[in-house]
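Novice: Single-letter residue listing:
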Amino acid sequence: MDLKVIVVVALMAVAIHAPISNAKPISLVERCWCRSTVNTVPQRSIRELKFLHTPNCPFQVIAKLKNNKEVCINPETKWLQQYLKNAINKMKKAQQQQV
Amino acid sequence: MSVNVNDFNDILDALGELNFSTLDDNVSHVEVCHSTFSQRALLYALSVLYIFLFIIGLAANALVVWVNVRAERTRYETHLYILNLAIADLCVVATLPVSISSLLQLGHWPFGGAMCKITHLIFSVNLFSSIFFLTCMSVDRYLSVKLFGDTPSQRKRRTRQIICVGVWLLALIAALPEIYFLQAEKSDHSDAIVCKAVYPVESMKEWTVGIQMSFFMLGFAIPFPVIAVFYVLLANTIHPSVDQERRISRHLIFTYIVVFLVCWLPYHGALLLDTLAFLNVLPFNCTLENALYAALHLTQCFSLFHCCANPIIYNFINKNYRYDLMKAFIFKYSTKTGLARLIDASHVSETEYSAVENQGPL
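As given, the protein sequences belong to chains R and Z, one line each in that order.
The opening residue of the first sequence carries number 1 in UniProt numbering; numbering runs sequentially from there.
The opening residue of the second sequence carries number 1 in UniProt numbering; numbering runs sequentially from there.
In case anyone wonders, no lab produced these hints; they're calculated from the structure.
Cβ atoms here follow ideal geometry from the backbone N, Cα and C, with glycine treated the same way.
Take these hints with a grain of salt, some might be off.
Claimed, not checked - To give an idea of the interface, some chain R residues facing chain Z are shown, with a C-beta separation under 8 angstroms as derived from the structure:
{"#": "1", "residue": "Arg31"}
{"#": "2", "residue": "Trp33"}
{"#": "3", "residue": "Arg35"}
{"#": "4", "residue": "Ser36"}
{"#": "5", "residue": "Val38"}
{"#": "6", "residue": "Phe51"}
{"#": "7", "residue": "Leu52"}
{"#": "8", "residue": "Pro55"}
{"#": "9", "residue": "Ile62"}
{"#": "10", "residue": "Lys69"}
To be verified - Below, simulated DSS-like cross-link-like pairs (lysine-lysine); rule was C-alpha separation at most 27 angstroms, straight line:
{"#": "11", "chain 1": "R", "residue 1": "Lys90", "chain 2": "R", "residue 2": "Lys66"}
{"#": "12", "chain 1": "R", "residue 1": "Lys92", "chain 2": "R", "residue 2": "Lys69"}
{"#": "13", "chain 1": "Z", "residue 1": "Lys205", "chain 2": "Z", "residue 2": "Lys186"}
{"#": "14", "chain 1": "R", "residue 1": "Lys85", "chain 2": "R", "residue 2": "Lys69"}
{"#": "15", "chain 1": "R", "residue 1": "Lys92", "chain 2": "R", "residue 2": "Lys78"}
{"#": "16", "chain 1": "R", "residue 1": "Lys66", "chain 2": "Z", "residue 2": "Lys205"}
{"#": "17", "chain 1": "Z", "residue 1": "Lys156", "chain 2": "Z", "residue 2": "Lys146"}
{"#": "18", "chain 1": "Z", "residue 1": "Lys156", "chain 2": "R", "residue 2": "Lys64"}
{"#": "19", "chain 1": "Z", "residue 1": "Lys186", "chain 2": "R", "residue 2": "Lys78"}
{"#": "20", "chain 1": "R", "residue 1": "Lys78", "chain 2": "Z", "residue 2": "Lys205"}
{"#": "21", "chain 1": "R", "residue 1": "Lys93", "chain 2": "R", "residue 2": "Lys69"}
{"#": "22", "chain 1": "Z", "residue 1": "Lys205", "chain 2": "R", "residue 2": "Lys69"}
{"#": "23", "chain 1": "Z", "residue 1": "Lys117", "chain 2": "Z", "residue 2": "Lys186"}
{"#": "24", "chain 1": "R", "residue 1": "Lys78", "chain 2": "R", "residue 2": "Lys64"}
{"#": "25", "chain 1": "Z", "residue 1": "Lys146", "chain 2": "Z", "residue 2": "Lys205"}
Excised from the complex, chain R in its bound form (with noise of 0.2 angstroms):
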């Protein structure tokens, strides 16, 4: 597997926004948890990450923060996807050192 196409596609999936549904049967297939994202979390602020996915929904990130809430982050933040890139380069060192 080419860690390139690891790297843009862990990004692509950062860029994607989340959809909005409703419960109809026709559009209830997009049903999604986070409907709404905030983008102001500080890093600092977070306790844990979750990242979701499932059918017919973005790339969904949830932190649950030290005070106990739980919100959903936008996927563009930047933070996060410094983070993202930075785990990418760590996993990508990993499996180079496995050769």
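Using the hints, position chain Z against chain R.
Specialist: Chain Z only, in chain R's frame:
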């Protein structure tokens, strides 16, 4: 080399396994949540159920409408509500082929924006009407027995006609807010076009919660207590006795309440949970997320069985209705044979009813 979902899954799995504490000491835990079931299988199964609902609902409600339209005079107190109820249920199930077509394409909506609004409008207006007419019937039956038994029937009929118009208007008002925002729009994360509500970005949360809660309030939280209370009050006016007819009536009233509850409570319960999840009142939980996704789809499908149950519990098990049904068929038959004079609605009596029964074996 093409990008595919498997790569995406691998990334998410890898993210879950990495030791993030070396990246940032503040984030001590990372969780990755995958779907635990096949969305395709769920939507295909739902399509089969909706097809079943469509066939039964269409046949049963069309029959009720036909017989009630042919009835030459009002035979029982809530005839007008029952006719309107059947029309509403008929229109709800009539929209199902469009929904089924979309489900079979995993939510893709190939019918355009206008059809998006029209289909939802017909579905929502008639679903609300169906529920409102059931509510009116329970109130009307109790009031007719308890308070207005002596009112001239002409005056009661006029009142019921006005109430029916009011019900349709109220259903339209209840359905319009969501219809206003519906659009056929390209999905943000796939090639499909989806029919969905797009609310203003700055007030998206308020609109979403407001509309979902209005469904809950108008579709269940208000109607169900009214139906339950008035039918219980009605049942209490029927004194227990050795009379078989009265015992059947009490059982029937109990059936009205239970069927409404069984069809609608699961769906509105799931809708309420979904709203709480959306408001972040419920903490995120991978199991809850998957369960809620499946539950909303299944309970919504199940709630529409109400459109099939209504013709049965409000019509087919009613003795007067069965008589009207027989008379409608016999009249058609007898017209061809010149026996029309045998069926004269203005002289309906128990004797003639027995006569019709005697012709049954023919």
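Novice: Each hint should be assessed against the structure and marked as holding or not.
Specialist: Tested hints:
Interface hint status for arginine 31 (chain R): upheld, as the beta-carbon distance to the closest one in chain Z is roughly 6 angstroms, under 8 angstroms. The restraint placing tryptophan 33 (chain R) at the interface with chain Z holds, with a minimum CB-CB distance near 5 angstroms, inside the 8 angstroms limit. Interface hint at arginine 35 (chain R): satisfied, since its Cβ lies 6 angstroms from the closest Cβ of chain Z, which is below the 8 angstroms cut-off. Taken as an interface hint, serine 36 (chain R) checks out: its beta carbon lies about 5 angstroms from the nearest beta carbon of chain Z, inside 8 angstroms.
For valine 38 (chain R), the interface hint is violated, the least distance from its beta-carbon to any beta-carbon of chain Z being 10 angstroms, above 8 angstroms. Given hint, phenylalanine 51 (chain R) at the interface with chain Z, holds; its Cβ is 5 angstroms from that chain's nearest Cβ, closer than 8 angstroms. Taking 8 angstroms as the C-beta contact cut-off toward chain Z, the hint placing leucine 52 (chain R) at the interface holds, the least distance being around 5 angstroms. Restraint check, proline 55 (chain R) versus chain Z: the minimum CB separation of about 3 angstroms is within 8 angstroms; hint holds.
Look at isoleucine 62 (chain R): its Cβ gets to within about 5 angstroms of chain Z, closer than 8 angstroms, so that hint holds up. The interface hint given for lysine 69 (chain R) holds, since its Cβ lies 7 angstroms from the closest Cβ of chain Z, which is under the 8 angstroms cut-off. Between lysine 90 (chain R) and lysine 66 (chain R), the direct Cα distance comes to roughly 26 angstroms. Compliance with the 27 angstroms bound is thereby established for this hinted pair. Proposed proximity of lysine 92 (chain R) and lysine 69 (chain R) is contradicted: the alpha carbons are some 33 angstroms apart, above 27 angstroms.
This hinted pair checks out: lysine 205 (chain Z) and lysine 186 (chain Z) have alpha carbons roughly 21 angstroms apart, not beyond 27 angstroms. A threshold of 27 angstroms between alpha carbons decides the hint, and for lysine 85 (chain R) with lysine 69 (chain R) the separation of about 26 angstroms falls inside it, so the pair holds. The hinted pair formed by lysine 92 (chain R) and lysine 78 (chain R) meets the criterion: a straight-line CA distance of about 21 angstroms does not exceed 27 angstroms. Taking the CA atoms of lysine 66 (chain R) and lysine 205 (chain Z), the gap is about 24 angstroms. The hint holds against a cut of 27 angstroms.
For the hint linking lysine 156 (chain Z) to lysine 146 (chain Z), the alpha-carbon distance of about 14 angstroms falls within 27 angstroms, and the restraint holds. With a C-alpha separation of about 60 angstroms, the suggested pair lysine 156 (chain Z) and lysine 64 (chain R) falls outside the 27 angstroms cut-off, and the hint is violated. At roughly 26 angstroms between alpha-carbon atoms, lysine 186 (chain Z) and lysine 78 (chain R) fall within 27 angstroms of each other, so this suggested pair holds. For the suggested pair lysine 78 (chain R) and lysine 205 (chain Z), the alpha carbons sit about 23 angstroms apart, so the restraint of at most 27 angstroms is met.
A C-alpha spacing of about 34 angstroms is found between lysine 93 (chain R) and lysine 69 (chain R), which places the hinted pair above 27 angstroms, so the restraint is violated. At roughly 17 angstroms between alpha-carbon atoms, lysine 205 (chain Z) and lysine 69 (chain R) fall within 27 angstroms of each other, so this suggested pair holds. In summary, the hint linking lysine 117 (chain Z) to lysine 186 (chain Z) is supported, as the alpha carbons are separated by about 16 angstroms, within the 27 angstroms threshold. Restraint check for lysine 78 (chain R) and lysine 64 (chain R): satisfied, since their Cα atoms lie roughly 18 angstroms apart, inside the 27 angstroms limit.
Pair hint lysine 146 (chain Z) plus lysine 205 (chain Z) does not hold up; C-alpha atoms about 46 angstroms apart against a cutoff of 27 angstroms.
Checked against the numbered hints given earlier, the structure breaks hints 5, 12, 18, 21 and 25 and satisfies all the rest.
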